[in-house]
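*Asks:* On the provided structure of chain P, position chain C as indicated by the hints.
Protein chains in written order, with this note's numbering: chain P, -9 to 97; chain C, 136 to 250.
Please keep in mind that the hints were generated in silico from the structure rather than gathered at the bench.
Heads up, the beta-carbon is just placed ideally off N, CA and C, and yes, glycines get one too.
Treat the hints with care, as some may be off.
[As the list claims (entries may be wrong)] If the Cβ cut is set under 10 Å, some of the chain C residues that face chain P in the computed set are:
1) P143
2) Y168
3) T237
[Unchecked claim] Heads up, simulated BS3-like pairs for lysine-lysine below, C-alpha to C-alpha not over 25 Å straight-line:
4) P:K58 to C:K192
5) C:K146 to C:K192
6) P:K32 to P:K53
7) P:K32 to C:K149
8) P:K49 to P:K69
9) P:K59 to P:K69
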Amino acid sequence: EDQVTQSPEALRLQEGESSSLNCSYTVSGLRGLFWYRQDPGKGPEFLFTLYSAGEEKEKERLKATLTKKESFLHITAPKPEDSATYLCAVLYYKLSFGAGTTVTVRA
Amino acid sequence: DTGVSQNPRHKITKRGQNVTFRCDPISEHNRLYWYRQTLGQGPEFLTYFQNEAQLEKSRLLSDRFSAERPKGSFSTLEIQRTEQGDSAMYLCASSAHIQGDTEAFFGQGTRLTVV
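Chain P on its own, in the form it takes in the complex (with noise of 0.2 Å):
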């Protein structure tokens, strides 16, 4: 059965500094991983897909990349309204999510 595992499950950062989520997974087959921002009550919001070892995307703040094995999310001098929570989904034919990581960012 597909497995994905994220870490930490929260994080609080002081505005300006950066860090990484990570998310592992184990799937047969993986047809891309993609990452998702949700905020509290509301569905999640589309941030990036990844296909393949070595990829990597980056959106404002926000950076993706993507091994064999894992998927690191890079937030680089984090501001107050990139506090949510950070969900990522392995495709097989269908999406698995992990947890999630729950980002505060104090200003």
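*Replies:* Below, chain C without anything else, positioned relative to chain P:
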């Protein structure tokens, strides 16, 4: 197109009542997914459709749950004889699947509270 739309946004029901949720996907998307999410957890897969065909149902989807997607457009998820354990956020997502998969976009969800 305004994205994936779900209605209602919130639903409070008494235990034992039936509820139905609606999802309108992005118009050109042929795949539609239903997920359930409880507090502190990631979304859990319930079922998905390719056009009007329901291709897989999770074992989480008991016989009290039924989903339809008539004519491959909007979808409904019905829960019969609701239980308190059904309280959760129900999320719908859609994607385009032709020769490969594209990103799945989610709606804002329907929060169900069973009292």
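*Asks:* All hints are to be evaluated individually against the structure, with a verdict given for each.
*Replies:* Here is how each hint holds up against the structure:
Evaluation of the P143 of chain C hint against chain P yields a violated restraint, the C-beta minimum of about 14 Å exceeding 10 Å. Against a cut-off of 10 Å between C-beta atoms, the interface hint on Y168 of chain C holds, since the closest Cβ of chain P lies about 7 Å away. For T237 of chain C, the interface hint holds, the least distance from its beta-carbon to any beta-carbon of chain P being 8 Å, beneath 10 Å. With a C-alpha separation of about 29 Å, the suggested pair K58 of chain P and K192 of chain C falls outside the 25 Å cut-off, and the hint is violated.
At roughly 23 Å between alpha-carbon atoms, K146 of chain C and K192 of chain C fall within 25 Å of each other, so this suggested pair holds. At most 25 Å may separate the alpha-carbon atoms for a hinted pair to count; K32 of chain P and K53 of chain P meet this at roughly 23 Å. As the CA atoms of K32 of chain P and K149 of chain C are separated by approximately 24 Å, the hinted pair is consistent with the 25 Å bound. Between K49 of chain P and K69 of chain P the CA atoms are separated by roughly 14 Å; this keeps the pair inside 25 Å, and the hint holds.
Only pairs whose Cα atoms come within 25 Å are accepted, and K59 of chain P paired with K69 of chain P is rejected, the gap being roughly 29 Å.
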